[in-house]
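Please build the complex by placing chain B on the supplied structure of chain A, with the hints as guidance.
Each chain, letter by letter, is given below.
Number of protein chains: 2
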Amino acid sequence: MEHTTAILLEVFIIFAAAQAGGWLARLVRLPDVVGQIVAGCVIGPSVLGWIAPSEPLEVLSEIGVVLLLFAVGLETRIEDVKRVGGSAFAVGVIGVIIPFVVGAFWAHSLGPDWPRSLFVAAAFVATSAGITASVLKQMGVLRATESRVILGAAVIDDILAMLLLGVVVAIQAGGSLRVGTLAVVAAEAIGFVVVVGWLGTWMMRRSSKWLDRANNPMAPLLAVLVLCLGLAWVSTRFGLAAIIGAFLAGMIASETHQRVQLEEQMQPLLVLLTPFFFVLTGAKIELAKLASSEALWMLLVATVLALLTKLAGGWLGAIKLGPRSALIVGIGMVPRGEVGIVVAALGLSAGVFGDQLYAVIIAMSLLTSVIAPPFLSLLLKNRDQGPEAKV
Amino acid sequence: MEHTTAILLEVFIIFAAAQAGGWLARLVRLPDVVGQIVAGCVIGPSVLGWIAPSEPLEVLSEIGVVLLLFAVGLETRIEDVKRVGGSAFAVGVIGVIIPFVVGAFWAHSLGPDWPRSLFVAAAFVATSAGITASVLKQMGVLRATESRVILGAAVIDDILAMLLLGVVVAIQAGGSLRVGTLAVVAAEAIGFVVVVGWLGTWMMRRSSKWLDRANNPMAPLLAVLVLCLGLAWVSTRFGLAAIIGAFLAGMIASETHQRVQLEEQMQPLLVLLTPFFFVLTGAKIELAKLASSEALWMLLVATVLALLTKLAGGWLGAIKLGPRSALIVGIGMVPRGEVGIVVAALGLSAGVFGDQLYAVIIAMSLLTSVIAPPFLSLLLKNRDQGPEAKV
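Going down the list, the protein sequences come from chains A and B.
Everything in the first sequence is counted per the numbering used here, starting at 1 for the first residue and increasing by one.
Everything in the second sequence is counted per the numbering used here, starting at 392 for the first residue and increasing by one.
Worth flagging that the hints you see were computed from the coordinates, not collected in a lab.
Idealized CB from N, CA, C, for every residue including glycine.
Taking beta-carbon pairs under 10 Å as the criterion, some of the chain A residues facing chain B (in silico):
# : residue
1 : Gly22
2 : Pro217
3 : Gln265
4 : Pro268
Bound-form chain A, shown alone (with noise of 0.2 Å):
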């Protein structure tokens, strides 16, 4: 009981601490997961210590990150996709080999192995799908050719991410760089994923009718955690991380026709849930890690090229819309966010990160994060007044 309600102080200032902090950063126009990252920094062991990572919260963590990427696989929908076509595809692809390549190479560079410098490397790979579609719906051009084109490649890019991740984690683990390995571990990924999204796709189908007799408004959003959780557990029985089956169970569940209602239904749940993974993050940051040139100059360089590649990979992909339109899909493509955190979160628990790396690579995500946004509105802003506009 007394622990209990140490604890339960603990759960009150991270959730508190959580809003102050995204309240802060929507007043300077940043999106709220920097506001919580910040926070969490702050509250942490590096500057108050007011809390400390213990197992509950970790676990709290976890189930927080675990929803998050559930509800990202939700917001996935394979006719987005299609609808864009070609475009999308090359720019989710580009946008993934140009910076996994630079990156890797820049790791080494560093001193890691291989294996290490591609798992470094899958943090310079993903959109955050998140942050760029608020700044294009804030902005009110969800529907014009560029925010398609985006979030269809931020579909692809967070498939093939997901693979990444679930690929170099498994090489890390296993230590080596043996094509065979490769191979196995893709085949592995690439069939868990396969077939649970084929699998998934056809079981949900049918209960999504058989869930519309039950009733129940809740009834679809309890069979798809139900769905969600046991996936994430499952997918870690394939040496994948718990958010790739979240992610799946995601994707499965946005195929069926409740999938508005179970948006909007995962709002609370991730309004109270993701604080805690977000905080836990910063709260993990020392920053006295990154209080020497060696770290401010690797922090520069890492968000430099993170930035460049994304912008290439985009604009390259995206190149048949002309230039202009290029840019704001390359532009639209820097965020990184989640999926660079829980990558650099995960390599810190595996032992992969050092703790200057880690610092490095969450600061170089906020600030891909920081940067793109205004850039994205400012070209958005422009070309609703050129004559391009009418798309």
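Frame of chain A; chain B shown alone:
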């Protein structure tokens, strides 16, 4: 990482078992909570041993019950009490006094000293507004006079039960029943409730206007969740249970004009997190302790007393509505459920209840929730066909 994965499996098992139990309960027309507690008993150490109570699970359970009592508070509106006036007040007060007094004498006759007996008696007191309301809602008679009396009385009943719980917990902690201590404890509890209720309502009315300007549909929910977690913790600093603060936060939040929206947004949180409370509650029942003729006899007596005392209190309080309506009100007040179980769980963790008494109280709460609904729906059905149906 490894450990978090193991907990993730338990989280999945608990959530899935709760859904299965709730579904089976609905099949035989019982409230979900009955099925969830039974599921907890089955997957817990008593039978299958698939899960075992641990600190992370206790924290999830605590957050679940805090949110549950917050939601109960959110349905507790002062206006409902005012509208049905005297009858509801009489039913609420008499319906608390009779079970409490009889329960205390019964408990004392079994051996415990008076402070412990009063604690046990507190488990006899609180009607489960949730169970009764869900039956009334299902029957489509929420606006009938009897329903409004039942709901109004459940409000007063809840407040008195919460107050009583605070008092008996503090008396138990003090260990003696001196009138001075009792007065101070009662004054502190009443003072906390009144000051927080008054100040909180005043502040919430102001911020509820301010929150509209936030232009974010989640802003009111975030604000009241901060309030809920904050008051839950503060109430523990006043020697009260965390759930009392959460209940007060809910009552404060029910005064805002975002109440309906908040009730809706709380649903996903409740369906995700309250199962952890009910399943863990069930997992703590030691079936072996009920497998004696002494325990079964104790259970029979406790259930009959709980049923008759509440029925008598409700009937006496509502007699001016006529004997048949008074009977409907009396039966409607019988289900215990959540609060009785919360008291038993508090009693177990505070060392007040032995395992046998805990098992008996839980089983008694379940039985009242199981026995009352069929009778209630039978009486309400006949009522609709009779001449007095036009209310």
